[in-house]
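Participant: Position 309 (the sequence shown) corresponds to 309 in our numbering; numbering is contiguous.
Just so you know, the hints here were simulated from the structure itself, not pulled from any lab data.
Distance condition first, Cα-Cα at most 20 Å in a straight line; then the derived EDC-like pairs of lysine to aspartate or glutamate: (1) K341 / D226; (2) K359 / D245; (3) K359 / D369; (4) K178 / E459.
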Amino acid sequence: FCWVLVEAAICNAELTFSPLAGVGVDDMFIMIASWEQSSRKKEKSNVKALLAETYSEAALSVTITTLTDVLAFFIGTWTAFPSVRAFCLYTGTAFVFCYVYTLTFFGAVLVLNHKREQGNRHWLTCMRVGVDKDQAENSCLYNACCVGSCSRQSSEPEGEHPMSIFFKEYYGPFFTNKWVKLLVVLLYGAYLGGSVYGCTQIREGIDLRNLANDDSYVIPYYDDDDKYFSTYGPRVMVVIPERVDYWNEAVRRGIESCAQNLENISYVDKNLSESWLRVYTVLAESSSININDKTQFFNNLPVLFSIRSSFAWDLNKTGDEIEASRFFLQTVNVTSAVDEKNLLNQLRETARQCSIPLKVYHPAFIYYDQYLVIVQNTVQNVVVAAGAMLVVSLLLIPNPLCCLWVTFAIASVIVGVAGFMSFWNVNLDSISMINLVICIGFSVDFSAHISYAFVTSGESSANKRAIEALSLLGYPVLQGAVSTILGVVVLAAAKTYIFRTFFKIMFLVILFGALHGLVFIPVFLTFF
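Let the sequences and hints guide you as you build the complete structure.
Facilitator: Have a look at this one:
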């Protein structure tokens, strides 16, 4: 166990900034379980045979899960969001290092620890300890801490772990009972129905409050803004980014026509627009100022600025040219992510059709932009990654039907996570999208281990194969699930929405992944 912690520390050093604590130990539990199984079958003095047997049992299963995890993250780099690309690239690379450590460093550690046990050396100090008759009568805990081995003699093999016995003698036979199988099918139907319903309730968009700490002054500011000014949306800047002849009456009419088209959008209140050129035109007409002449146009601008000094900020004037200018539109009734997406689309489309080059901008548009592609990117990543998982499974698992079940487990877990995250008040945004990318990789881990053990079993009946698969890997799968949840559970109390969302989705991924690996998949495999 101490060496597992060392290995986990090395792997998680690669994953520190993407708080995936607990992830690095999953495959090591599989390695340890295979080593213990091999120790009971092989002569303990033949270390090479022990390690060879361990790798033959565990290496392919570990390779399948790691390859699927890495593929899922690297496929996530195709997204349009730079933050998601950086996260996926960093974490995918970290998984590669964890895989290398597990199959090289950790294998060597197992051998060194085996030699320590054979030499009857203490687990902490590595000093040789003697065993006398009094120690032989002590408890396993006393011998493990004070002698260095739970066994009374170093040559005696360790007994089968109680949890492995539980999975073999009780858990496996219970879930292979025909009536329990029927109950599992009904349970899966309820799970799938709830998940699909939840998917229909998913909300898009990110609340800007969620980008701040819970104790930030920003949150009460947005609360008051919603309470007193919820009718008003963002004040949109419309920019003319190029030189145009503002003194040309035809150009001014074109600009006015574009402004009116923008004001005709249902989300814009035309009575609250603010345009320096519109005011200047009215002022010229009322004061008989000729602004159709370039010189007069520029000479009389100070008159406009004396009336509204703020208009001076709306022009980028260099010499006798106006490099760029802007006017403002006030939006209203923008209350949901759908409204924000529609507003952005309509403003940009109307500006694009204008004869004058226009750009519409507001700082909040950086958040609205994600709504345009979030669903498309999420579906793209999920579909492509699930296809990649199927290809990897077909290449590495020697049973096509089993590969389909692994792919089924991936899709089922993703649907479950997407559905239940809506019940847990998690919206679909770039933050939850990162976690759904993680979901793709982790959803295959538990099911792939159990499925591979099932198809490589030498038992004659499907029920016996399921029981053997659960007895061999049920406990390591449970260990991996618990260790990963323990690694992220501290984030549940975080004061930041981003970390809490990470915990919620990781919890759902591990919960549903373990549920599929330990309950649904073993039962479904016996049907086929």
